[in-house]
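Enquirer: Protein chains in written order, with the working numbering: chain A, 1 to 170; chain B, 1 to 419.
Just so you know, these hints were derived from the structure itself, not from any lab. Given the structure is predicted, the values throughout are model-derived calculations rather than measurements. Glycine residues also receive a C-beta, built at the ideal position from the N, C-alpha and C atoms. Hints may contain errors.
[As the list claims (entries may be wrong)] No farther apart than 27 Å at their CA atoms in a straight line, the calculated lysine-lysine pairs in the DSSO-like style are these:
| no. | chain 1 | residue 1 | chain 2 | residue 2 |
| --- | --- | --- | --- | --- |
| 1 | A | Lys79 | B | Lys194 |
| 2 | A | Lys62 | B | Lys96 |
| 3 | B | Lys132 | B | Lys234 |
| 4 | B | Lys196 | B | Lys410 |
| 5 | B | Lys271 | A | Lys79 |
| 6 | B | Lys410 | A | Lys62 |
| 7 | B | Lys96 | B | Lys132 |
[Stated by the list, open to error] Covered stretches of chain B, going by a simulated chain A footprint (3 or more residues, C-beta under 8 Å):
| no. | stretch |
| --- | --- |
| 8 | 210-222 |
| 9 | 321-333 |
[Unchecked claim] What the simulated footprint calls covered on chain A by chain B, stretch by stretch (three residues with Cβ under 8 Å from a Cβ of chain B suffice, anywhere in the stretch; the number is not a length):
| no. | stretch |
| --- | --- |
| 10 | 37-47 |
| 11 | 57-69 |
So the chains spell out like this:
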Amino acid sequence: MHATSEAAGMRIDTDLLREVEQFIFREARFQDELEYDRWEALWTDDGVYWVPANGDDTDPTKQVSIIFDNRARIATRIKQLHTGKRHSQTPPSRLRRLVSNVELLGEGDDGQVRAGANFVVYESRERGVTLWAGRSEYTLCRTPDGLRMSYKKVALVDNDRALYTLAFLI
Amino acid sequence: MTSADLANRWDSLIEPGRVHGSLYTDPDIYAAELERIWYRTWVYVGHVSEVPEPNDYVLKSIGPQPVIMSRDKQGQIHLLLNRCSHRANLVCDAQKGNSSAFRCPYHGWTFSNTGKLLGYPFNSGYDGTALKSELGLGRVARVASYQGFVFGSFAQDGPTLEEHLGAATDAFDRLVRLSPTGEVELTAGWLKHKVKANWKMLVENETDGYHPQFVHASIFSVADSGIGELYGDKSVAVCRDLGNGHTENDLRPEFRRLDQPLGWFGTDPAKVPGYVDQLTAVHGDNTREILIDGSPHVMVFPNLFIAEIQLFVIQPLAVDETVQHVTAVQYKGSPDMNRRMLQQTIGSVGPAGFLLADDSEMYERNQRGVHARTPEWLTIKRGLHRERRDENDHVIGDATDEVPQRAIWKHYRSLMEGQ
């Protein structure tokens, strides 16, 4: 991989940036609008979905995480939501998230793109409103169907504190 | 309301088959619980593996009270209140670390990790040195541990820890027996899950064998799990009153009937050969039975839930706010088993867990529901007609019965009425 945007004034591939932004915005909309299957289809077959706890760089094979899903577990998560008996999302949270500060972080010869973005999610449930803020980092792969996620890490600002239930897709 | 008023009220709030809704919502009752339960009885605080080296410390709690668990250079464990004896600032703000002393950031007062006041800047400002011996950190009056689990009691006197644990000591023995070294370690960090619910909603749910088939139907169906059947109408598992408010879902009768080593963990010995060899080296011919019986499911009153491969610590913060801390059990020296227990824990529990997110939703709905004016009471009569006693004279019931809830409230009442 080589850096595409780290150095000030360096030319960036604006076409690629727009493509990545559109991917991330679409992912956000699928999450907010409970388009579970379309969200799941954004993953590669070896996707890893990680939401660390107690810091942003723990070792998920040694320390607890809020989510650490391999592809099979992502599928289980979606199936559970589809049962209609996932009580913590029945009724589902009302959600809208703002995604910003989208950056290209690196590009590999194999067509993989690393990108980062900040977000704020406004969640409304019977309990009340909960705000979730953090940074997502992606590894995106180019496939015949367009970009797909092989890795998404969500570093919540509050991940070292006690959190309310987080049963929607973050 | 005065404490005398409260003392006369328990009769009218707690009956053998029902409890009054105000027990979950009344701030005066919550305040009384802090004094009579949380600041008096033995409460679980931490595990020795969280402070393995001399001068290690970690921040813990007893209900809303901030507690520093420290190990001094001789190896003794102390439970200190995180409050400077000068102007009440927090003397320790790191979640964990290694230090022989804590220095208050406000005026520089310094305390040893045994709680002793070591010194203060510009000491001519005080008349003599008498202050030093008087003004140590506050401390939890009694500290004791069982199988590495450290408990604290703010009461100077009272039952010993082993008296308090009583029959529940067996749960700790069974838990550590599954570790080939006979030791567990709580080194995987903690998920902290906050709910808008009274702490007793959580305590009662931990050994409620009636809810899994309903609350967790979604994950049992998509993951093809057999857990739901353990708590079904056909299950030969039992629930048990262990005394002193400690309660159990004892799944061993069902596991023995199924006769599958490691079936309790949803795996089989071929998947974790290293672990099975280690355990066999220690337990020989008994290994198979140990692996069939599995790990305990016991709620140690008031705040430690031993949930097979997880440990939960319940921390009340207000009458309607509770934090549930949870970690994966790790067997000292068994990496293959530990990896699996950690990954299963991450999937199941915490804010996004396949199981606990839904339990937590239930706690919060209970808490909202209990504000409705009628029928005022919560019913805990399930299995009252089929209660029986086991060979140790403990009251037991069928897998889905409310023996545990009745046991919790009986003990609760005795504590709240006590002088």
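Enquirer: Each hint should be assessed against the structure and marked as holding or not.
Expert: Hints versus structure:
1. A:Lys79 - B:Lys194: Holds, at roughly 25 Å.
2. A:Lys62 - B:Lys96: With Cα atoms ~17 Å apart, lysine 62 of chain A and lysine 96 of chain B stay inside 27 Å; holds.
3. B:Lys132 - B:Lys234: Answer violated: lysine 132 of chain B to lysine 234 of chain B is near 65 Å, above 27 Å.
4. B:Lys196 - B:Lys410: holds (25 Å)
5. B:Lys271 - A:Lys79: holds (26 Å)
6. B:Lys410 - A:Lys62: Cα-Cα ~40 Å, so violated.
7. B:Lys96 - B:Lys132: holds (26 Å)
8. 210-222: Holds, because 6 residues of the stretch 210-222 of chain B bring their Cβ atoms closer than 8 Å to Cβ atoms of chain A.
9. 321-333: Held - the stretch 321-333 of chain B has 4 residues with a Cβ nearer than 8 Å to chain A, which meets the minimum of three.
10. 37-47: violated (count 0)
11. 57-69: holds (count 11)
Checked against the numbered hints above, the structure violates hints 3, 6, 10; every other hint is satisfied.
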